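Chemist: Sequences and hints are given; from them, build the entire structure.
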Amino acid sequence: MSESELLDRGYAEVMRRCIATAQAPHYTELAASLGIPLAEAKRLIHELVALTPGWVHPGTDLLASFPPFNLQPTQYRVAIDGDQRWFAQCGFEALAIRWLVPGKHVRIDAPCLCCGDPMVLEMIDEMITTIDPEGMVGYTSSEVGGDPATRPFR
Amino acid sequence: MNLFRSEEHARNWDGYEEEMASSIRHVTEWADIFSNSYFRQRGRSDFVSWTRSDAGMAAFAQFRRLAQS
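Protein chains in written order, with the working numbering: chain A, 1 to 154; chain F, 1 to 69.
No lab work stands behind these hints: they were computed from the structure. Hints may be right or wrong, so weigh each one.
[Said to hold, decoys possible] 25 Å max Cα-Cα, derived DMTMM-like pairs, lysine to aspartate or glutamate:
1) 104/A with 32/F
2) 104/A with 126/A
3) 104/A with 132/A
4) 104/A with 46/F
5) 104/A with 5/A
6) 42/A with 8/A
7) 104/A with 81/A
8) 42/A with 61/A
9) 104/A with 29/F
10) 42/A with 83/A
11) 104/A with 83/A
12) 42/A with 46/F
All figures in this text were calculated on a predicted structure; none of them were measured in a lab.
Modeler: This is the structure in structure tokens:
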């Protein structure tokens with residue numbers, strides 16, 4: 001298997017697991033899914049993270065964030081077709097989860113970091129069906145899109 | 001990269017930095033930006049290779065341009 005094929009298959013498998021279960025695979029599970037040695041799967045986890053704005057828990061091989069999902073809880077609770085099991089990496093990535101689940105109802109529940117009061121977004125594909133409160137905004141204190149040197153196509 | 005109930009709430013957040021005030025946009029505007037092909041294509045089986053294609057690079061460049069404008 002070529003390196004690019006391995007990256008494609010690894011990325012797709014991790015994403016598939018995140019969508020299906022709200023959990024990322026351990027590298028031993030990834031090895032089994034892809035039919036590759038454990039050491040190669042362990043290296044692959046770190047290579048995939050380096051290609052994305054995701055991360056492993058510091059000092060481990062455990063996926064903690066694989067955008068748009070977060071494997072650790074965040075304030076962005078995500079329900080897909082009424083099943084609230086997922087968390088979004090951030091408020092902006094929460095807006096992109098719908099593209100991974102075409103035709104499904106995506107609901108984001110989050111508290112406002114300023115006051116703690118609730119906010120709700122509901123989406124299906126192209127349609128945003130609920131914005132509560134209507135004046136909801138996004139804000140970031142860091143550069144969106146990150147440093148170009150960290151992009152996969154650098 | 002967080003959501004707030006209003007611009008006033010974003011500005012009153014203890015993590016607010018005035019130098020990034022231009023990033024305060026209505027959630028529908030951020031939703032449009034995160035509708036870029038880069039996000040829509042994440043489910044494909046060759047996503048990493050696609051990000052390195054002309055189409056993938058163009059999509060990400062467009063995303064950055066819109067997000068940082």
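Chemist: What hint numbers does the structure not satisfy?
Modeler: As far as the earlier hints go, 5, 10 are violated by this structure, in ascending order.
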